[in-house]
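A.B. asks: Residue numbers (the working numbering), protein chains in the order written: chain A, 1 to 109; chain B, 110 to 349.
I should point out that these hints are in silico values taken from the structure, not numbers from a laboratory. Where hints are given, some of them may not hold.
Claimed, not checked - Pairs of lysine to aspartate or glutamate, EDC-like flavour, derived with a Cα cap of 20 angstroms: (1) A/K56 / A/E28; (2) A/K85 / A/E50; (3) A/K36 / B/D342; (4) B/K164 / A/E50; (5) A/K36 / B/E142; (6) A/K36 / A/E4; (7) B/K164 / A/E28; (8) A/K52 / A/D86; (9) A/K56 / B/E129; (10) B/K292 / B/D342.
Stated by the list, open to error - A short, non-exhaustive set of chain A residues, derived as facing chain B with CB atoms under 10 angstroms: (11) G15; (12) G17; (13) E18; (14) Y21; (15) A24; (16) K56; (17) A62; (18) R66; (19) A90; (20) V91.
Since this is a predicted model, take the numbers as computed values, not measurements. Using N, Cα and C, we set each Cβ at its ideal position, and we do this for glycine too.
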Amino acid sequence: MLGEFEYLLITAAAGLGENAYGAAIREEIESTAGRKCSIGALYTTIDRLETKGLLKTWMSDATPERGGRAKRMVRVTSEGVRAAKDFYDAVIRVSRGASWAADRAGSSL
Amino acid sequence: MTSAGWSFVAVAAQLLESREREVVLGDLMETRESAWRGFLDVLGLAVRRQLLLWKSWRPWLASFGLAFPGSLLLMGFSISVSQTYQKLVSSTVFNATGLTLGPGFTLLLCNVLLLVAWSWTGGFVIGSVSRRTVRVSAVLSFVPCVFCLARFRVESLSRFCLLLFMLPAIWGVHRGLQIARIKLSSALILAAAITVLTIPTWSRSGSWLPNWALSWPAWYLVVMAWRSQAIKDGKRWRAG
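Go ahead and model the full structure; you've got the sequences and the hints to work with.
C.D. replies: Below, the structure written as structure tokens:
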């Protein structure tokens with residue numbers, strides 16, 4: 001089972017698709033989840049997820065807006081998609097009956 | 110980011126591996142972080158990386174199993190070698206027919222060889238077992254040296270006699286970082302030579318513990334070289 005931050009990272013990377021790399025994933029997490037994401041947490045989590053086979057990373061070419069430095073590109077593997085889906089399903093199941101989840105379901109109707 | 114702030118971040122980034130350093134500095138430049146947050150981010154990543162390394166047994170072995178106790182024992186042995194040398198010099202006489210060496214020459218030669226071999230193998234294992242924590246191992250090895258240098262009180266000897274082991278040890282660390290493993294034949298010769306050189310001390314009670322504490326790195330190198338050769342042979346056999 002994924003951890004909360006691992007789920008956020010995989011989901012952000014999946015949403016960014018071909019443009020998923022360190023800085024972009026970080027900005028996505030900070031803007032959507034509304035929490036600070038340190039570079040340390042980001043890259044150590046990316047490494048851990050890659051070791052588990054849930055992500056694949058590679059180095060892109062250097063770009064001028066980054067001072068001629070390369071990006072670490074990220075792609076979610078099929079195992080990563082499955083793990084994120086399992087986490088999401090578990091959150092939905094466990095949230096049934098919780099007042100905030102019921103309110104949300106009501107408001108969306 | 111100001112150039113002064115940027116230079117602090119660049120210095121902190123030296124703690125990261127080159128590939129990661131490039132990626133992180135690129136990310137910081139792209140997102141236009143403040144120098145302070147960039148500095149904390151880089152430092153945070155470096156600390157996390159170091160902490161992750163310590164989840165393995167290797168840095169513990171290199172630092173606390175070898176660097177710290179090894180430097181203490183080798184300092185003691187360096188003093189012993191210096192005293193043997195001093196006795197030999199005082200008993201050596203010049204006469205009309207030439208130089209007559211004192212009786213301790215063979216012992217001194219054995220001890221010098223042993224000091225070099227123990228220091229080199231210890232350094233090699235420190236460098237090869239845990240490359241990325243070698244700075245911590247170096248600090249743990251220097252701390253007892255500084256302590257002993259400050260408290261050294263032997264009138265007849267220079268305090269720098271404590272550090273005789275340093276040069277071969279640094280050479281060993283350097284080689285360990287470069288090649289990680291030595292050939293099985295070289296490792297066996299080295300370990301056998303060290304064991305033979307310790308034979309004169311076997312009769313002394315209480316010397317077996319420091320002997321083995323300093324000799325195990327040589328036998329560790331034998332085991333590592335043997336494993337590496339067995340893996341290579343296995344691959345060659347499967348390919349053939």
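A.B. asks: Next step is simple, just say for each hint if it's right about the structure.
C.D. replies: Results of checking the hints against the structure:
1. Between A/K56 and A/E28 the alpha-carbon distance is near 19 angstroms, which keeps this suggested pair within the 20 angstroms criterion.
2. Between A/K85 and A/E50 the alpha-carbon distance is near 17 angstroms, which keeps this suggested pair within the 20 angstroms criterion.
3. Restraint check: the Cα-Cα separation between A/K36 and B/D342 comes to about 51 angstroms, which exceeds 20 angstroms; the hinted pair is violated.
4. With a C-alpha separation of about 18 angstroms, the suggested pairing of B/K164 with A/E50 holds against the 20 angstroms cut-off.
5. Restraint check for A/K36 and B/E142: satisfied, since their Cα atoms lie roughly 13 angstroms apart, inside the 20 angstroms limit.
6. Only pairs whose Cα atoms come within 20 angstroms are accepted, and A/K36 paired with A/E4 is accepted, the gap being roughly 14 angstroms.
7. Between B/K164 and A/E28 the CA atoms are separated by roughly 31 angstroms; this puts the pair beyond 20 angstroms, and the hint is violated.
8. Between A/K52 and A/D86 the alpha-carbon distance is near 15 angstroms, which keeps this suggested pair within the 20 angstroms criterion.
9. At most 20 angstroms may separate the alpha-carbon atoms for a hinted pair to count; A/K56 and B/E129 meet this at roughly 16 angstroms.
10. At most 20 angstroms may separate the alpha-carbon atoms for a hinted pair to count; B/K292 and B/D342 meet this at roughly 14 angstroms.
11. Of the supplied interface hints, the one on A/G15 is violated, with its beta-carbon coming no nearer than about 18 angstroms to a beta-carbon of chain B, more than 10 angstroms.
12. Interface restraint check for A/G17: the shortest CB-CB distance to chain B comes to about 18 angstroms, outside 10 angstroms, so the restraint is violated.
13. Annotation: A/E18 was flagged as interfacial toward chain B, and the flag is violated, the nearest CB pair being 17 angstroms apart, outside 10 angstroms.
14. With 10 angstroms as the threshold, the beta carbon of A/Y21 comes within range of chain B, its nearest partner Cβ sitting at about 8 angstroms, so the hint holds.
15. Satisfaction of the interface hint for A/A24 is found here, the shortest Cβ-Cβ separation to chain B being roughly 9 angstroms, below the 10 angstroms cut-off.
16. The closest approach between the C-beta of A/K56 and any C-beta of chain B is roughly 15 angstroms, which is over the 10 angstroms cut-off, so the hint fails.
17. A cut of 10 angstroms between beta carbons decides the hint on A/A62: the least distance to chain B is about 8 angstroms, and the hint holds.
18. Checking A/R66 against chain B: minimum C-beta separation of about 4 angstroms stays under 10 angstroms; hint holds.
19. For the restraint placing A/A90 at the interface with chain B, the shortest Cβ-Cβ distance is roughly 27 angstroms, beyond the 10 angstroms limit, so the hint is violated.
20. Among the interface hints, the one on A/V91 is violated; its C-beta lies about 27 angstroms from the nearest C-beta in chain B, farther than the 10 angstroms criterion.
Hints 3, 7, 11, 12, 13, 16, 19, 20 from the list above are not met by this structure, while the remaining hints are.
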